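Asks: The chain contents come next:
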Amino acid sequence: SQQGEEDPQALSIQEGENATMNCSYKTSINNLQWYRQNSGRGLVHLILIRSNEREKHSGRLRVTLDTSKKSSSLLITASRAADTASYFCATRSGGSNYKLTFGKGTLLTVNP
Amino acid sequence: NAGVTQTPKFQVLKTGQSMTLQCAQDMNHNSMYWYRQDPGMGLRLIYYSASEGTTDKGEVPNGYNVSRLNKREFSLRLESAAPSQTSVYFCASSTRGLAEQETQYFGPGTRLLVL
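From first to last, the protein sequence lines stand for chains A and B.
Just so it is clear: in the first sequence, position 50 is 51 by our numbering, and no numbers are missing.
Just so it is clear: in the second sequence, position 81 is 101 by our numbering, and no numbers are missing.
Treat the hints loosely; a few may be bogus.
As the list claims (entries may be wrong) - Straight-line Cα separation of at most 25 Å, BS3-like style, residue types lysine-lysine; simulated pairs:
no.	chain 1	residue 1	chain 2	residue 2
1	A	Lys105	B	Lys77
2	A	Lys105	B	Lys91
3	A	Lys57	A	Lys71
4	B	Lys29	A	Lys27
Stated by the list, open to error - The following label-pair restraints were derived from C-beta to C-beta distances:
no.	chain 1	residue 1	chain 2	residue 2	range
5	B	Asp76	A	Asn39	23 to 33 Å
6	B	Asp76	A	Gly41	27 to 37 Å
7	A	Ser25	B	Pro128	24 to 34 Å
8	A	Asn112	B	Gln42	31 to 41 Å
The hints are simulated quantities; they were obtained by calculation from the structure and are not laboratory data.
Everything numeric in this text was worked out from a predicted model, so none of it was measured.
Even for Gly, the Cβ is constructed at its ideal location relative to N, Cα and C.
Take the sequences, apply the hints, and build the full model.
Replies: And the structure:
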């Protein structure tokens, strides 16, 4: 069963605007990661936030984590057409567990 | 440094045929994974191998078998393909295990069509 659920399922914006995607999950986590998938390609890791962190930045990406609400958000600032892709959150639970559980993804379209 | 490679890129099978999807990584990673991706379903874990010599079932293992041939290679076998196994299959590997902060590196995928 899916641990993370992204919202919205699809998002269309204009170049230069900011894009915000949300992820909710059900059980306690060790860390939460965001991945990008361009059409027809494999997933690429973007950013990881640990359960004891609240916010993290990487270039134009900003991720927040609220463990009390079991939710995370990914903000892409000043979006570009090249940001058009599907974005997935993935959670890793604690323990001797190497597995990531992926959500269903948000399809972001950035119009030039 | 090729990262994670998968072969074949595309395959068409008839129901009942068997095939093996190959995956190799050159990053000296301990852990490797097989996922399937279906429209609207995201990625679902089929099998994973935490380290060389070990394999474990994921969320959707039925109809599949795996072999961790060595540290580099992790293959996925469909013994008797069914139309429900039509999907895109991704192999991934990760840097560390056991309570470490892992990220996964993905291959380009294998598109499988079962008629």
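Asks: Run every hint past the structure and note whether it holds.
Replies: For each hint, the structure was consulted:
| no. | hint | in the structure |
| --- | --- | --- |
| 1 | A:Lys105 - B:Lys77 | holds (21 Å) |
| 2 | A:Lys105 - B:Lys91 | violated (30 Å) |
| 3 | A:Lys57 - A:Lys71 | holds (16 Å) |
| 4 | B:Lys29 - A:Lys27 | violated (35 Å) |
| 5 | B:Asp76 - A:Asn39: 23 to 33 Å | holds (30 Å) |
| 6 | B:Asp76 - A:Gly41: 27 to 37 Å | holds (29 Å) |
| 7 | A:Ser25 - B:Pro128: 24 to 34 Å | holds (30 Å) |
| 8 | A:Asn112 - B:Gln42: 31 to 41 Å | holds (39 Å) |
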